[in-house]
Amino acid sequence: MKEQTATQTAPSATTTERMSGAEAIIKCFLAEGVDTVFGYPGGAIMPLYDKFYGYQDQLKHILTRHEQGATHAAQGYARISNKVGVAIATSGPGATNLITGLADAMIDSTPLICVTGQVGSHLLGTDAFQETDIVGISTPVTKWNTQITKAADIPTVFAKAFYIAQSGRPGPVLIDITKDAQFEEFDFAYAKCNSIRSYVPVPETTQGSIEAAAKAINEAKKPLIVWGQGVVLGEAEEELLAVIEKGGIPAAWTILGASAVPTSHELNVGMVGMHGNYAPNLLTNECDVLIAIGMRFDDRVTGDLSRYAKQAKIIHFEIDPAEVSKNVHADIPVLGDSKKTLAALLPLLEEKTYPEWRQQFADLYQVELDKVINDDMNPKTEGLTMAEVIQQINKKSASKAAIVTDVGQHQMVACRYADFKQTRSNITSGGLGTMGFALPAAIGAKMAAPDRQVVAVIGDGGYQMTIQELGTIFQTKVPVKIVVLNNEYLGMVRQWQQLFFDKRYASTEMINPDFIKIAEGYNIKAKLVTDRKDLASAVEEMMKCDEAYFLEVRVEKEGNVFPMIPTGAAVSEIRLE
Amino acid sequence: MENKEQLYTVSIYTENNIGLLNRISAIFQRRHINIESINTSASEIEDVSRWTILVKMTEVQIKKIIGQIEKQVEVIKAFYHTEDETIYQESCLFKIKSDLLFEERQIQNIIKDSNARIVTVNKEYFVLEKSGRRSEVDLLYRELSAFGILQFNRSGRIAVTKDAMEITKMLAALNS
Chain A
1 MKEQTATQTA PSATTTERMS GAEAIIKCFL AEGVDTVFGY PGGAIMPLYD KFYGYQDQLK
61 HILTRHEQGA THAAQGYARI SNKVGVAIAT SGPGATNLIT GLADAMIDST PLICVTGQVG
121 SHLLGTDAFQ ETDIVGISTP VTKWNTQITK AADIPTVFAK AFYIAQSGRP GPVLIDITKD
181 AQFEEFDFAY AKCNSIRSYV PVPETTQGSI EAAAKAINEA KKPLIVWGQG VVLGEAEEEL
241 LAVIEKGGIP AAWTILGASA VPTSHELNVG MVGMHGNYAP NLLTNECDVL IAIGMRFDDR
301 VTGDLSRYAK QAKIIHFEID PAEVSKNVHA DIPVLGDSKK TLAALLPLLE EKTYPEWRQQ
361 FADLYQVELD KVINDDMNPK TEGLTMAEVI QQINKKSASK AAIVTDVGQH QMVACRYADF
421 KQTRSNITSG GLGTMGFALP AAIGAKMAAP DRQVVAVIGD GGYQMTIQEL GTIFQTKVPV
481 KIVVLNNEYL GMVRQWQQLF FDKRYASTEM INPDFIKIAE GYNIKAKLVT DRKDLASAVE
541 EMMKCDEAYF LEVRVEKEGN VFPMIPTGAA VSEIRLE
Chain B
578 MENKEQLYTV SIYTENNIGL LNRISAIFQR RHINIESINT SASEIEDVSR WTILVKMTEV
638 QIKKIIGQIE KQVEVIKAFY HTEDETIYQE SCLFKIKSDL LFEERQIQNI IKDSNARIVT
698 VNKEYFVLEK SGRRSEVDLL YRELSAFGIL QFNRSGRIAV TKDAMEITKM LAALNS
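If you read the sequences in order, they're chains A and B.
Mapping of the first sequence onto this note's numbering: residues 1 to 577, in sequence order.
Mapping of the second sequence onto this note's numbering: residues 578 to 753, in sequence order.
One or more of the hints may lead you astray.
[Unchecked claim] Straight-line Cα separation of at most 25 Å, BS3-like style, residue types lysine-lysine; simulated pairs:
#	chain 1	residue 1	chain 2	residue 2
1	B	K641	A	K326
2	A	K313	B	K641
3	A	K326	B	K739
4	A	K310	B	K641
5	A	K517	A	K503
6	B	K581	A	K310
7	A	K326	B	K654
8	B	K739	A	K310
9	B	K640	A	K326
10	B	K581	B	K700
11	B	K581	A	K326
12	B	K654	A	K313
[Stated by the list, open to error] Here are some of the chain A residues that sit facing chain B, going by a computed Cβ distance under 7 Å:
#	residue
13	T132
14	V135
15	S167
16	V202
17	K313
18	P321
Rather than coming from a laboratory, the hints here were simulated on the basis of the structure.
Remember, predicted model here, so these are calculated numbers, not experimental data.
Even for Gly, the Cβ is constructed at its ideal location relative to N, Cα and C.
Work out the full structure: start from the sequences and follow the hints.
So, in structure tokens, the structure goes:
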């Protein structure tokens, strides 16, 4: 590659040490505070793996059973810890297997470094064995990527990669490194990167925008906050809570914003979006000022854009200028880091309460409670509901568990009914909606936060997409809890088929294997619940177990998730049944 | 904001690094926007490349595209301009049989009137170079094609803006 442009500050490390490129990569990881990496070896990355062997006391390598599992594990690690997750793969198929995880991390702004081995530089472009243009392939799904062909470039590139991955709006970075560069010896010295000429990670905040936002909020009669993951990534939870409480403003969250403010807080009015809560969706089209904080107006949140909050003045607190007015026009954009912008907003806010406006939320919550929530949580039907399983997890974990979900009905139910008390408790595949995410992500999360209870809640479909990671659990003995909500369907697709395709259940029914036997085959404790009377005790047994545990709950086959905003409908057209 | 499609010239200042063409072109590709022409070369600033991309779209679209381009780590700054805001040129080469140059008086007039320049002449062919607006190049092409053109090649648009671009000042601030 071309020599990196002036990107680093003066080197802090002036001493050099002669070593191979492979060893230098490990030194870079250690210099950046990495303690765990996830990966899968292969020919082109063997020099690096050989060096791992000598650093086992400083750097733990977790052998996943598939490279996709390595990326999701690294994502789980990053999401719960706010550190960079690292995944490693060999060239060719190893590298291409990372793509789903990279795409997921890209859309959900997860800081990730993926290192891929590459064929020797003399073979580049020759269609050599296990050669793929992984830099070309991964370009659309990385915040930055590059290829190293000379060992001497390793320190600069890795320093730059770590800086890019975790600064500003975080994201995944891929570094492809040829096998000869891993063998090549050079004089290693490392200096962390803290600026790049062409890169502005956090845009400048103008005082005028803060003042304009404060004025609009203070003048509002019906303000509504919608926060997203930007609050979590910016570690602005305290500032957000202070703004909500001082301003007395009802506040709703997007799926990736979940847990930044405790679920039970009186001003937390629930989740927005397709399967969010009734009140915040409906009242989005009634508020007079909509304060969006660290969220990007995803189409799953807005429904029909032409009928989304048209009556409201939109204030958008955002770190990524490209997101401002991309989907929804921002009347008052407030660029910058949410921790700082919210802190600057706070003293300008007037103390308010809005009793009538809040009563509207309470009244609509009552409607949702009567029509949906009560039936979900205390069903009168014989079949178990997903919601009552989540309720038991809340109870038996004292609402302290981090819940890791895949995508689908179980994900929506888990996010709707989880009683989050602590931030970074919701780890889910948001923007990409990746089946297979939860099991490996839970492994990574538990490794990053061994003191926390980590419960993967997964559907029977998604579970089978990365079920091989049970092998990783077996080998590492990571005490992760796995709850499969088995309805023997690809439930969300089936729900759509029921509602919009005349109940033509094309290819959504699943004939599943004996999940208990499979778990036991990996020496993981397992239990099956088919009857409501056994649920509470089974969840309790799982939570008390100090080892990994697999719980399969057979839930009603054709249960649906409501409320629901049908595709193309306005948020205020949310259906309760 | 203008919601009518028109030609925009996009100017991008970037680091001169491998792989950036892929990233920039993908931004247009994702939104299904055809690039009319693209040119990248050294700029007035050392080690900084300047890209000139010609696209047809609405102002609403181009603003969003500029945001996506600037988001790329190695992009320093991106701008968009309307036709009125730039001074632009294209360059082209025509390869034509030498006999025509001597036998067709009309060709000599065309060369003279169009301000085209003869780059080289030998027994078999001569090469004409013309720089100008796309319409001028098009006109010359039409006129010469009546006689037969052996080869034709034109460059992408290159442009400078009438107003100053604050890029140099911005870079100085970044480097300080």
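Numbers of the earlier hints that this structure fails to satisfy, in rising order: 3, 5, 8, 10, 12, 13, 15, 16 and 17
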